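Colleague: So you can see what is in the structure, the chains are spelled out below.
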Amino acid sequence: AQSVTQPDIHITVSEGASLELRCNYSYGATPYLFWYVQSPGQGLQLLLKYFSGDTLVQGIKGFEAEFKRSQSSFNLRKPSVHWSDAAEYFCAAAGGYQKVTFGTGTKLQVIP
Amino acid sequence: GAVVSQHPSRVICKSGTSVKIECRSLDFQATTMFWYRQFPKKSLMLMATSNEGSKATYEQGVEKDKFLINHASLTLSTLTVTSAHPEDSSFYICSARPLRATQGETEAFFGQGTRLTVV
Numbered sequence: 001a002q003s004v005t006q007p008d009i010h011i012t013v014s015e016g017a018s019l020e021l022r023c024n025y026s027y028g029a030t031p032y033l034f035w036y037v038q039s040p041g042q043g044l045q046l047l048l049k050y051f052s053g054d055t056l057v058q059g060i061k062g063f064e065a066e067f068k069r070s071q072s073s074f075n076l077r078k079p080s081v082h083w084s085d086a087a088e089y090f091c092a093a094a095g096g097y098q099k100v101t102f103g104t105g106t107k108l109q110v111i112p
Numbered sequence: 001g002a003v004v005s006q007h008p009s010r011v012i013c014k015s016g017t018s019v020k021i022e023c024r025s026l027d028f029q030a031t032t033m034f035w036y037r038q039f040p041k042k043s044l045m046l047m048a049t050s051n052e053g054s055k056a057t058y059e060q061g062v063e064k065d066k067f068l069i070n071h072a073s074l075t076l077s078t079l080t081v082t083s084a085h086p087e088d089s090s091f092y093i094c095s096a097r098p099l100r101a102t103q104g105e106t107e108a109f110f111g112q113g114t115r116l117t118v119v
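Going down the list, the protein sequences come from chains A and B. When you line the first sequence up against our numbering, it's residues 1 to 112, in that order. When you line the second sequence up against our numbering, it's residues 1 to 119, in that order.
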């Protein structure tokens, strides 16, 4: 069955520190991969996406993600976290025009 | 970028009444829209896939008669929660994929969500 796994439910980092959020997927073929961010009580905002090509994808707000086929991973990174980055982050995958499958989310807390 | 508008953003209704939530793609056409439900501290669970001009496809465990979905045009899909009960209280989010896109090479754009509270 298709699935997306985010192993970390909650992560706390200090402002200015680097960040990496993990995401692993299980699909029959390489799916299309996404990272979304959700602020409290809000909808989802797309941070970045990977369809093909360069495995290092740049997104908005200084985020990037690297696709590693051998590890079935699509981890999200940011070199220096800002307090405004505190939110919940969802990794997601889709096969073609199929439905999007979401991971369970990682809640990011940023401390001063 | 593509914008999906969801209305209302918050609604409180009495138990036993029905509530309609609208999802509109403002600057693109979408043959397919998706409805999700998000439980507290949980991920988004797909409820149904809405296709313009045809019946929605519901995920296993989702009551078709309770969650009525209509996709009357390429820019509008509605979710009606019928005979709402307190356990239906949740955050509902819609998404839409542009019609114009090369197959698969597009993300789904999300509405801002609707917080439904049934009292």
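Simulated from the structure, these hints should not be mistaken for laboratory data. On a predicted model such as this, the values are computed, not experimentally measured, just so you know. The reader is advised that the hints may include incorrect statements.
To be verified - With a straight-line cut-off of 25 angstroms between C-alpha atoms, the simulated SDA-like cross-links for lysine to any residue are:
# : chain 1 : residue 1 : chain 2 : residue 2
1 : B       : Lys55     : B       : Val19
2 : B       : Lys42     : A       : Gly16
3 : A       : Lys99     : A       : Thr30
4 : A       : Lys99     : B       : Glu22
Said to hold, decoys possible - Under 8 angstroms between C-beta atoms, here's a sample of chain A residues computed to sit facing chain B:
#  : residue
5  : Gly41
6  : Gln42
7  : Leu44
8  : Pro79
9  : Trp83
10 : Lys99
11 : Val100
Note that beta-carbon positions come from the ideal geometry of N, C-alpha and C, so glycine has one too.
Colleague: Next step is simple, just say for each hint if it's right about the structure.
Modeller: Structure-based check of each hint:
1. Lys55/B x Val19/B: holds, 20 angstroms
2. Lys42/B x Gly16/A: Given pair lysine 42/B, glycine 16/A is violated - Cα atoms ~28 angstroms apart, limit 25 angstroms.
3. Lys99/A x Thr30/A: holds, 15 angstroms
4. Lys99/A x Glu22/B: holds, 20 angstroms
5. Gly41: With a minimum Cβ separation of about 7 angstroms from chain B (threshold 8 angstroms), the hint on glycine 41/A holds.
6. Gln42: holds, 6 angstroms
7. Leu44: Constraint on leucine 44/A satisfied, holds at 4 angstroms.
8. Pro79: This hint is violated: proline 79/A lies away from chain B, its Cβ roughly 24 angstroms from the closest one there, beyond 8 angstroms.
9. Trp83: Result: violated, 22 angstroms to nearest chain B Cβ.
10. Lys99: Cβ of lysine 99/A sits 5 angstroms from chain B, so the hint holds.
11. Val100: holds, 6 angstroms
Comparing the model with each numbered hint stated earlier shows that hints 2, 8, 9 do not hold.
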